[in-house]
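The sequence shown maps to residues 1 to 134 in our numbering.
Do not rely on the hints blindly, as some may be mistaken.
What the hints assert, rightly or not - Taking CB as the label site, the calculated pair distances span:
#: 1; residue 1: Pro-105; residue 2: Thr-62; range: 36 to 42 Å
#: 2; residue 1: Arg-37; residue 2: Thr-89; range: 36 to 42 Å
#: 3; residue 1: Gln-46; residue 2: Glu-68; range: 25 to 31 Å
Claimed, not checked - With a cut-off of at most 25 Å between alpha-carbon atoms, the simulated BS3-like pairs for lysine-lysine come out as follows:
#: 4; residue 1: Lys-76; residue 2: Lys-51
#: 5; residue 1: Lys-23; residue 2: Lys-88
#: 6; residue 1: Lys-51; residue 2: Lys-23
#: 7; residue 1: Lys-23; residue 2: Lys-76
#: 8; residue 1: Lys-76; residue 2: Lys-54
Hints were generated in silico from the structure; no laboratory data involved. Here the structure is a predicted model, which means the values were calculated and not measured. Think of the CB as a built atom: it goes at the ideal place given N, C-alpha and C, for glycine as much as any other residue.
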Amino acid sequence: MAPVYASAGGTAVVGSGVSYSQKGAVVASPGANEVTRVYVPVTNPQNTSDKLTKVSVECLGTSAEATEIYVYFGDKLILDANPTDGSKTFDINTTTQSSQADSQPYGIDVSMDVSFSSAAGTFEIYSVTLQFGS
1 MAPVYASAGG
11 TAVVGSGVSY
21 SQKGAVVASP
31 GANEVTRVYV
41 PVTNPQNTSD
51 KLTKVSVECL
61 GTSAEATEIY
71 VYFGDKLILD
81 ANPTDGSKTF
91 DINTTTQSSQ
101 ADSQPYGIDV
111 SMDVSFSSAA
121 GTFEIYSVTL
131 QFGS
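Based on the sequences and whatever the hints tell you, model everything.
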């Protein structure tokens, strides 16, 4: 069976210091060596029996990177992962534990911790995509 995708564009990003452009969201640095968390709501896939297999984040950091990604189905934490290089577009494949279906009609939230090494840093988020499969 072909994979199923659920996505949100960067303009769905919510958090402190977020502004928007036609390409998506720009997260401004709260200060040098500071971390902020942003939230991206994602619509449920149509087939609620498919399991989460991958998280893809299209982004670009300037003196900034995503250091931790969380995926929640409703109030249930499904995935807590650290990107290898969160300063540019990255994928995270799920583990056996996090490969679960969103079988209830719960909303999906993807949260990201963004770490800034400079007060002038920015982190652009263009899209967040969840891949589901059987």
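Each hint, compared with the structure:
Checked against the given bound of 36 to 42 Å, the beta carbons of Pro-105 and Thr-62, roughly 38 Å apart, stay inside it. The hinted window of 36 to 42 Å between Arg-37 and Thr-89 is violated, with their beta carbons roughly 20 Å apart. About 29 Å separates the C-beta atoms of Gln-46 and Glu-68, a value consistent with the hinted range of 25 to 31 Å. Of the pairs offered as hints, the one joining Lys-76 and Lys-51 holds, with about 14 Å between alpha carbons and a cut-off of 25 Å not exceeded.
For the hint linking Lys-23 to Lys-88, the alpha-carbon distance of about 15 Å falls within 25 Å, and the restraint holds. With a C-alpha separation of about 29 Å, the suggested pair Lys-51 and Lys-23 falls outside the 25 Å cut-off, and the hint is violated. As the CA atoms of Lys-23 and Lys-76 are separated by approximately 30 Å, the hinted pair breaks the 25 Å bound. For a cut-off of 25 Å, the pair hint linking Lys-76 to Lys-54 stands: about 17 Å separates their Cα positions.
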